[in-house]
Amino acid sequence: MPSVPSTEWIAGLVSFLLTLMVFSYLWKDNALFRVAVYLFVGVSAGYVGAVACRQVLLPRLILPLLNGDFLAVFPLLLGLALLGKLSQRTAALGNPSLALMVGVGAAVAVGGAVLGTLIPQVQATIDNFELDLTRSVSEQILDASTFLIGTVTTLVYFHYGARPGPRGPQRSRPVAVLGWVGQVFVAITFGVLFAGVYAAALTALIERLNSLRLFLGL
Amino acid sequence: MKLRGLLSTVFAMAFGLLVLLGYFFEVQPFYGLRVVFVEWAVILAGFAVLVGLGNLVTVHIKKIRAREKGSVYGLLLIFALLMTFLAGLAWGPDHPNMVLLFRAVQFPVEASLMALLTVSLAYASIRMLRRRLNLFSIVFLGTVLVVLLGTASLPLLGDVPFLGDWVRPFVSQVIAGAGARGILIGVALGTLTTGLRVLFGADRPYGGK
Numbered sequence: 001m002p003s004v005p006s007t008e009w010i011a012g013l014v015s016f017l018l019t020l021m022v023f024s025y026l027w028k029d030n031a032l033f034r035v036a037v038y039l040f041v042g043v044s045a046g047y048v049g050a051v052a053c054r055q056v057l058l059p060r061l062i063l064p065l066l067n068g069d070f071l072a073v074f075p076l077l078l079g080l081a082l083l084g085k086l087s088q089r090t091a092a093l094g095n096p097s098l099a100l101m102v103g104v105g106a107a108v109a110v111g112g113a114v115l116g117t118l119i120p121q122v123q124a125t126i127d128n129f130e131l132d133l134t135r136s137v138s139e140q141i142l143d144a145s146t147f148l149i150g151t152v153t154t155l156v157y158f159h160y161g162a163r164p165g166p167r168g169p170q171r172s173r174p175v176a177v178l179g180w181v182g183q184v185f186v187a188i189t190f191g192v193l194f195a196g197v198y199a200a201a202l203t204a205l206i207e208r209l210n211s212l213r214l215f216l217g218l
Numbered sequence: 001m002k003l004r005g006l007l008s009t010v011f012a013m014a015f016g017l018l019v020l021l022g023y024f025f026e027v028q029p030f031y032g033l034r035v036v037f038v039e040w041a042v043i044l045a046g047f048a049v050l051v052g053l054g055n056l057v058t059v060h061i062k063k064i065r066a067r068e069k070g071s072v073y074g075l076l077l078i079f080a081l082l083m084t085f086l087a088g089l090a091w092g093p094d095h096p097n098m099v100l101l102f103r104a105v106q107f108p109v110e111a112s113l114m115a116l117l118t119v120s121l122a123y124a125s126i127r128m129l130r131r132r133l134n135l136f137s138i139v140f141l142g143t144v145l146v147v148l149l150g151t152a153s154l155p156l157l158g159d160v161p162f163l164g165d166w167v168r169p170f171v172s173q174v175i176a177g178a179g180a181r182g183i184l185i186g187v188a189l190g191t192l193t194t195g196l197r198v199l200f201g202a203d204r205p206y207g208g209k
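First to last, the sequence lines map onto chains Y and A.
Each residue of the first sequence is one higher than the one before, counting from 1 in my numbering.
Each residue of the second sequence is one higher than the one before, counting from 1 in my numbering.
Looking at chain Y on its own, in the form it has when it is part of the complex (with noise of 0.2 Å):
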């Protein structure tokens, strides 16, 4: 009697399967790419949604409704209200509740730039500026000097000023100066990045290839 496949062997297929079907991509865009890149939204935006349902909206809001709290009347409504934007007739009346998330949001991520990045980073190139007795003075005056001149120049590579002259808008030649340098900074940093999201990428394939030698048994 055929043995029936297990569902560990049936994951493992579909995975082979799926894999194979991405990959074909490196031929042409095709049906197989397709099927495979539709069905792994399917899959994602339905986990998404379940993951709001069953993490977020039941404990955050049904339950408490459920043990009395009427506090949470407020935001079912706003939340009921937010479901108008389905459709185009309704869609004003998400407004009040899209109003109270991006409102909330602003004030965290302006909260966060001054708490989280603004005030570290500054402290942090102070702070290169102590002396540690454990390294040499001369690696530790270049490290904290190369932090300094980079930080700055990036930024000035960002600011957009500029005065009239003769040949139209020009930046005054010491902001052109100290922002060609942050440019070199700025090429850097993104050549190490593009490195680092190499590595991963080639680590990612080096996975796959190895999951399909493995479910050929080779």
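None of these hints come from the bench; they were simulated from the model.
One or more of the hints may lead you astray.
What the hints assert, rightly or not - Between beta-carbon pairs, the in silico distance windows are:
#, chain 1, residue 1, chain 2, residue 2, range
1, A, Met128, Y, Thr203, 17 to 25 Å
2, Y, Pro164, A, Pro155, 57 to 65 Å
3, A, Ala122, Y, Leu32, 38 to 46 Å
4, Y, Trp9, A, Ala202, 56 to 64 Å
5, Y, Ile62, A, Gly52, 46 to 54 Å
6, Y, Leu58, A, Leu156, 52 to 60 Å
7, A, Val35, Y, Arg167, 54 to 62 Å
8, Y, Leu58, A, Met128, 42 to 50 Å
9, A, Leu86, Y, Trp9, 46 to 54 Å
10, A, Tyr123, Y, Leu93, 45 to 53 Å
11, A, Tyr123, Y, Leu58, 39 to 47 Å
Claimed, not checked - Derived pair list, reagent style DSBU-like, types lysine-lysine, alpha-carbon separation capped at 35 Å:
#, chain 1, residue 1, chain 2, residue 2
12, A, Lys63, Y, Lys28
13, A, Lys62, Y, Lys28
14, Y, Lys28, A, Lys69
Don't be surprised by glycine CBs; every beta carbon is placed ideally from N, CA and C.
Given chain Y's structure and the hints, the job is docking chain A onto it.
Relative to the frame of chain Y, chain A by itself:
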């Protein structure tokens, strides 16, 4: 300004400013209000996910009804979405069956798409060298080579001395660290400006003008 538009602006400004006060003054009632309002925003984000899913399904149903080219893929998407959504609602996202679905569909497709990047990124680098050869593209690609060669051992040669010990750490930790810090501070300044414009009603990206 219409009454409904005014209400939206008042909502954004009032709730946003109260949350902002709660960030900088961790005393009651500001701190308590901040916690409650952020909680409400999270709940609304949950509803927004459902609106997004509804919109995705609607768009594909319209395409199927119009018999547009490739609408059969939309049918597959809707089927997969509804099945996963209902299964996730019934079992919960942590159930072994959902984990199996993740391992069978999401992980392999995601990892394979990531693997495709090795080809597309290499192709993009070559195109950049051919079409836009200047100092900055050479610095960019030179950095990529230095970091990759300094990170991995080469066949037959092994680790490249000096490159892996000194050049790569200096480039990736100090020079790129400095550039990244500048970019981060720039992004934070941009976020601060945009956020304050929203909080003071100068920008109204929620349906008002």
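How the hints compare with the structure:
no.: 1; hint: A:Met128 - Y:Thr203: 17 to 25 Å; in the structure: holds, 23 Å
no.: 2; hint: Y:Pro164 - A:Pro155: 57 to 65 Å; in the structure: holds, 58 Å
no.: 3; hint: A:Ala122 - Y:Leu32: 38 to 46 Å; in the structure: violated, 23 Å
no.: 4; hint: Y:Trp9 - A:Ala202: 56 to 64 Å; in the structure: holds, 59 Å
no.: 5; hint: Y:Ile62 - A:Gly52: 46 to 54 Å; in the structure: violated, 20 Å
no.: 6; hint: Y:Leu58 - A:Leu156: 52 to 60 Å; in the structure: holds, 58 Å
no.: 7; hint: A:Val35 - Y:Arg167: 54 to 62 Å; in the structure: holds, 56 Å
no.: 8; hint: Y:Leu58 - A:Met128: 42 to 50 Å; in the structure: holds, 49 Å
no.: 9; hint: A:Leu86 - Y:Trp9: 46 to 54 Å; in the structure: violated, 25 Å
no.: 10; hint: A:Tyr123 - Y:Leu93: 45 to 53 Å; in the structure: holds, 47 Å
no.: 11; hint: A:Tyr123 - Y:Leu58: 39 to 47 Å; in the structure: holds, 46 Å
no.: 12; hint: A:Lys63 - Y:Lys28; in the structure: holds, 24 Å
no.: 13; hint: A:Lys62 - Y:Lys28; in the structure: holds, 28 Å
no.: 14; hint: Y:Lys28 - A:Lys69; in the structure: holds, 18 Å
Hint check: violations occur at hints 3, 5, 9; the rest are consistent with the structure.
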